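Asker: Listed below, chain by chain, are the residues.
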Amino acid sequence: MNTRAKPVSRGFGTPELIFLLSVGVLVVVVAFPMLLIFFNAFWVDSHFNVADVLRVLQREETYQALLNSLILSGGVTVTGTIVGTFFAWLVTRTDLPFKATMKLLFLVPFMLPAFIGALAWKMLLSPRAGYINRLFIDVLGFDGPLFDIYSYAGIILVETMYLFPFVFIQVSGALERMDPTLEESARISGADLFTITRKITIPLVLPSIVSGALLIMLYSMAHFGTVAVLGVEIGVYNIPVLIYEKIHQSAGSFDSIRTATVLATVLVITAALILWAQNRVLAKGKYQIIAGKSFRPTELKLRGLRVPLLILCVAYIALTIVLPTATIFLVGGLKTYGLPFDLENMTWANYNHILFEWDLTRDSIWNSITLGLAAALITMFAGVIISYVIVKMKVRGKGFLEFLGMLPFSVPGSVIALGVILAWSGKFGINLYNTVWIILVAYIARYMAFSLKANSAALEQVHDSLVEAARAAGASMAQALRDVVVPLVRPGMIAAFFLIFLPALRELTVSVLLYGPTTRTIGVAIYTLNEDGETVYSAALAGIALVIIVVGEILIKRLVTGKSGA
Amino acid sequence: MASIEIRKVSKRYGGRSILSGLSLALEDGECFTLLGPSGCGKTVLLRLIAGFEAPDAGSILIGDEAVADAASGRMAPPDKRGLGMVFQDYAVWPHMTVFANVAYPLRLAGVEAGELRSRTMRCVEMVGLAGLDRRLPSQLSGGQQQRVALARALVSEPRILLLDEPLNNLDANLREEMRFEIKALQQKTGVTILYVTHDQEIALGIADRLAVMDEHGELRQIGAPEEVYEHPADDFVFRFLGIANFLPFRREGGVLYAGDSREAWRGPPPGRDGESLTAGFRPSDVMLSRDGGDGLPGIVRRASFLGAQFDYLIEIAGVLVRAALPSHECVARGLLFAEGDACRVELASVQWFAGHIAAAKNM
Numbered sequence: 000m001n002t003r004a005k006p007v008s009r010g011f012g013t014p015e016l017i018f019l020l021s022v023g024v025l026v027v028v029v030a031f032p033m034l035l036i037f038f039n040a041f042w043v044d045s046h047f048n049v050a051d052v053l054r055v056l057q058r059e060e061t062y063q064a065l066l067n068s069l070i071l072s073g074g075v076t077v078t079g080t081i082v083g084t085f086f087a088w089l090v091t092r093t094d095l096p097f098k099a100t101m102k103l104l105f106l107v108p109f110m111l112p113a114f115i116g117a118l119a120w121k122m123l124l125s126p127r128a129g130y131i132n133r134l135f136i137d138v139l140g141f142d143g144p145l146f147d148i149y150s151y152a153g154i155i156l157v158e159t160m161y162l163f164p165f166v167f168i169q170v171s172g173a174l175e176r177m178d179p180t181l182e183e184s185a186r187i188s189g190a191d192l193f194t195i196t197r198k199i200t201i202p203l204v205l206p207s208i209v210s211g212a213l214l215i216m217l218y219s220m221a222h223f224g225t226v227a228v229l230g231v232e233i234g235v236y237n238i239p240v241l242i243y244e245k246i247h248q249s250a251g252s253f254d255s256i257r258t259a260t261v262l263a264t265v266l267v268i269t270a271a272l273i274l275w276a277q278n279r280v281l282a283k284g285k286y287q288i289i290a291g292k293s294f295r296p297t298e299l300k301l302r303g304l305r306v307p308l309l310i311l312c313v314a315y316i317a318l319t320i321v322l323p324t325a326t327i328f329l330v331g332g333l334k335t336y337g338l339p340f341d342l343e344n345m346t347w348a349n350y351n352h353i354l355f356e357w358d359l360t361r362d363s364i365w366n367s368i369t370l371g372l373a374a375a376l377i378t379m380f381a382g383v384i385i386s387y388v389i390v391k392m393k394v395r396g397k398g399f400l401e402f403l404g405m406l407p408f409s410v411p412g413s414v415i416a417l418g419v420i421l422a423w424s425g426k427f428g429i430n431l432y433n434t435v436w437i438i439l440v441a442y443i444a445r446y447m448a449f450s451l452k453a454n455s456a457a458l459e460q461v462h463d464s465l466v467e468a469a470r471a472a473g474a475s476m477a478q479a480l481r482d483v484v485v486p487l488v489r490p491g492m493i494a495a496f497f498l499i500f501l502p503a504l505r506e507l508t509v510s511v512l513l514y515g516p517t518t519r520t521i522g523v524a525i526y527t528l529n530e531d532g533e534t535v536y537s538a539a540l541a542g543i544a545l546v547i548i549v550v551g552e553i554l555i556k557r558l559v560t561g562k563s564g565a
Numbered sequence: 000m001a002s003i004e005i006r007k008v009s010k011r012y013g014g015r016s017i018l019s020g021l022s023l024a025l026e027d028g029e030c031f032t033l034l035g036p037s038g039c040g041k042t043v044l045l046r047l048i049a050g051f052e053a054p055d056a057g058s059i060l061i062g063d064e065a066v067a068d069a070a071s072g073r074m075a076p077p078d079k080r081g082l083g084m085v086f087q088d089y090a091v092w093p094h095m096t097v098f099a100n101v102a103y104p105l106r107l108a109g110v111e112a113g114e115l116r117s118r119t120m121r122c123v124e125m126v127g128l129a130g131l132d133r134r135l136p137s138q139l140s141g142g143q144q145q146r147v148a149l150a151r152a153l154v155s156e157p158r159i160l161l162l163d164e165p166l167n168n169l170d171a172n173l174r175e176e177m178r179f180e181i182k183a184l185q186q187k188t189g190v191t192i193l194y195v196t197h198d199q200e201i202a203l204g205i206a207d208r209l210a211v212m213d214e215h216g217e218l219r220q221i222g223a224p225e226e227v228y229e230h231p232a233d234d235f236v237f238r239f240l241g242i243a244n245f246l247p248f249r250r251e252g253g254v255l256y257a258g259d260s261r262e263a264w265r266g267p268p269p270g271r272d273g274e275s276l277t278a279g280f281r282p283s284d285v286m287l288s289r290d291g292g293d294g295l296p297g298i299v300r301r302a303s304f305l306g307a308q309f310d311y312l313i314e315i316a317g318v319l320v321r322a323a324l325p326s327h328e329c330v331a332r333g334l335l336f337a338e339g340d341a342c343r344v345e346l347a348s349v350q351w352f353a354g355h356i357a358a359a360k361n362m
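The listed protein sequences derive, respectively, from chains A and B.
Each residue of the first sequence is one higher than the one before, starting from 0 at the first, in numbering that gives the first Met the number 0.
Each residue of the second sequence is one higher than the one before, starting from 0 at the first, in numbering that gives the first Met the number 0.
To be clear, the hints were calculated from the coordinates, so they are not data collected in a lab.
Any given hint could turn out to be false.
[Claimed, not checked] Interface residues of chain B toward chain A, partial, derived using beta-carbon atoms under 8 Å:
1) P77
2) L82
3) M84
4) F86
5) A90
6) W92
7) Y103
8) P104
9) A108
10) R151
11) S155
[As the list claims (entries may be wrong)] Here are the simulated DSS-like cross-link-like pairs (lysine-lysine), alpha carbons at most 27 Å apart as the crow flies:
12) B:K79 to B:K187
13) A:K391 to B:K79
14) A:K556 to A:K102
15) A:K393 to B:K79
16) A:K556 to A:K98
17) A:K102 to A:K452
[Stated by the list, open to error] Some chain A residues flagged as far from chain B (calculated, every beta-carbon gap over 12 Å):
18) I199
19) E244
20) D358
A quick note: this is a predicted structure, and the numbers were derived from the prediction, not measured.
Here a beta-carbon is modelled for each residue, glycine too, at the ideal position from N, C-alpha and C.
With the rest of the complex left out, here is chain A (with noise of 0.2 Å):
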């Protein structure tokens, strides 16, 4: 019990080191490359000037490029949502066959790429060339093609094959949790199932369904890579790939720049506005009817219906998720692209070639889970030293280090990627550009977010007076660390790892705009081997990415509901 005394730490000690430490790596990583965006943008021969910037909206592939993200997130948004909070009522308050299924499988979409997606359906759809309208043309004898995939028709559609999951996890969540004595005692107050419907289930899940439909449209109006793929041959662009081709097509000069800046400000007041219409429908939602218990709703009896629409969803899974991936498959093995799916057709050698034989893509897969898993580890570590500072320790000023975190959430990947462009491309002595650096860089700020949530959430389960028990116990603070904070974390740890690395993995509209002669990722890959023709090898490099994607959420799952079942 002797001299183990240390003087009581005031003004700075290690907690403000370890925040100013925080602060700095945010600002670095995160709050600089924004500023010099919203610089760029305004900032014009060295004054400010507001003129300008809407000289730039006026101009005519501007103005086009804004009315297009907005017609498309419109659209993808309204069937969305629709789908979204169909199906979440029929894996809920039915009774639907083979529910539990069925709920799984419409979050299937979630891990799938959209821009595969959109790669499988040009496939299937393109008007010349597509297997499904050729079918028809061929040998049905159509006069023109069934569907155009090129057209704001085929872009909202894939679009929403693979955004609808946003509401359906929301409107089915709320279903699930929401006191069924609700709608009971309407039903005892002399309301038909109708009414009770209209006046009571709807109200309550609006918020909700609101909510869902928001992300899908915060999230397609960011999205690079349906619209570059089935857009770009028409001339329908929306935003992130004005951007992309302003800042590839024109090598940097000046006013592509300047213009890209512009439309990367829209963008983030867009995606600004929507989380902030967001958090106020959630917020007005709360109105505490939805417990976080779950009950066992009212079913209702689908009776005559039950079968058709239990062949509905097999259809719409079957539609929107079998046949894309067949297709990658089965394109990715044909000898030539076009030839009839016939087993003489088919080989193994473009699989072969691109996992073993062909540097571009050897490389793409190497750099992509290179990049995820130090993005992923880098990102982990920091997130939890952050959350740390946020949930548990006290020091002043740490509002704005969670200000610092989560302002990436909001952020569009292009705009990431833009703002790393201009902070690191050697203008402040640091030229990180064509390297993988800027790309894992880049990463890093556009996914510190998943982190700080996943970390504080897992932090905040661990209670103050835990980690005291220990100290009581006889531990030192790193024991304490060790044997109670880092145990309970660590699924949460693990959770934000994966949901890094997996989306890291098949990453596109960050690296499409960063990426240099040799630091392609899987993602980039793809949609250049898509663009120069190389139609099969992209579909195979697809199929692969596919595999480990798939593989990669199998052992998450895995890990996570093993660790933390305690």
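Got chain A sorted already, so can you dock chain B onto it with the hints?
Answerer: Here is chain B on its own, set in the frame of chain A:
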């Protein structure tokens, strides 16, 4: 096994003073209870002793060692203070089994495996959790978790045991049982216990000595339970140790009159001077008789039968007081009053306080 001395300790939180210049000494091997309303700073005092907070002024000694001294900036970390602590919210580690939880302090101390096992198991048995040692906390009830926390605090045979409302979440029977358990344990091991609670019944039952703290963090009285109960220093202490009746009196020409009435006090004279006094008494001190007997006249305003006793609310000279009479006595002596009945009130035991003190609002 160790004394605790708190010397003029002050603590502030964000501009609000919680404790100011508090001094208190616990003797080696005693069970000391700190009793006070919630939010009075008793938990803060516990945390200061444990080392989770540093005093703004003053010093704390455990044994002969100054573990915290604001003047010199000395501050021994919690793990070097040789204490066991039970937290209000149990703080049982959810990822460890009962055995691992209880064994943890021994593991840190580097106790050899065989001994670790036998000491842990003995402790688990002592708190009545034999056979549950492989369970995870999520598989235990709140009361069982609390006993895990108690076993964990005791296993390393600390010099000092700090208990923060450790019996709060137990049901009445278990609470009583654990109270005896803690007391027996303390007599066996001689550990110094500081027990913090707002429950006067537990405090009185368990303590060798107790202190009553008011909402401003000031100690109102320190003493043996019987002493504090029988001779409360002031009306705060009196009020805090049980249901309190207050009946104001005024002195006119050497005679005490109840309230603003002309009814005179005929009991033993108070040992106090002053123009205005207040009589404090417990419901069980009230002796009732039918109208026409001796004592102050009163009217029964509410009568409730609670099984073992009758509970009456009686108005005396415009003041409401509560009376509790054993049911058998009421029946034997014909004291079954109805609302509105007149009665006479005598008091078996009275604490006299200076000035007029208002009674609690909800009687």
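Asker: Now tell me if each hint is right for this structure.
Answerer: Structure-based check of all given hints:
Here the hint on B:P77 is kept, as its CB sits about 4 Å from the closest CB of chain A, short of 8 Å. The beta carbon of B:L82 is positioned within 8 Å of a beta carbon in chain A (closest approach about 6 Å), and the interface hint is therefore held. Against a cut-off of 8 Å between C-beta atoms, the interface hint on B:M84 holds, since the closest Cβ of chain A lies about 4 Å away. A hinted interface residue such as B:F86 counts as satisfied when its beta carbon comes closer than 8 Å to some beta carbon of chain A; here the least separation is about 5 Å, so the hint holds.
For B:A90, the suggested interface contact is upheld, since its CB lies about 4 Å from the closest CB of chain A, less than 8 Å. Using the Cβ-Cβ criterion of 8 Å, the hint placing B:W92 at the interface with chain A is satisfied: the shortest such distance is roughly 6 Å. The closest approach between the C-beta of B:Y103 and any C-beta of chain A is roughly 5 Å, which is under the 8 Å cut-off, so the hint is satisfied. The interface hint given for B:P104 holds, since its Cβ lies 4 Å from the closest Cβ of chain A, which is under the 8 Å cut-off.
At a threshold of 8 Å, the smallest CB-CB gap from B:A108 to chain A is about 6 Å, leaving the interface hint in force. For B:R151, the suggested interface contact is upheld, since its CB lies about 7 Å from the closest CB of chain A, less than 8 Å. Annotation: interface hint on B:S155 holds; nearest CB of chain A at approximately 7 Å, less than 8 Å. Taking the CA atoms of B:K79 and B:K187, the gap is near 24 Å; set against the 27 Å cutoff, the hint holds.
Proximity of A:K391 to B:K79 is assessed by CA-CA distance (about 23 Å); at most 27 Å being required, the pair is judged to hold. Proximity of A:K556 to A:K102 is assessed by CA-CA distance (about 16 Å); at most 27 Å being required, the pair is judged to hold. With a CA separation close to 23 Å, the supplied pair A:K393 and B:K79 stays within the 27 Å bound. Simply put, A:K556 and A:K98 have alpha-carbon atoms about 20 Å apart, close enough for the 27 Å limit, and the pair holds.
Proximity of A:K102 to A:K452 is assessed by CA-CA distance (about 25 Å); at most 27 Å being required, the pair is judged to hold. At roughly 35 Å, the least C-beta separation between A:I199 and chain B is larger than 12 Å, which holds for a residue marked as non-interface. The non-interface label for A:E244 is consistent with chain B: the shortest C-beta to C-beta separation is roughly 52 Å, beyond 12 Å. The beta carbon of A:D358 sits about 47 Å from the closest Cβ of chain B, which is more than 12 Å, so the claim that it is off the interface holds.
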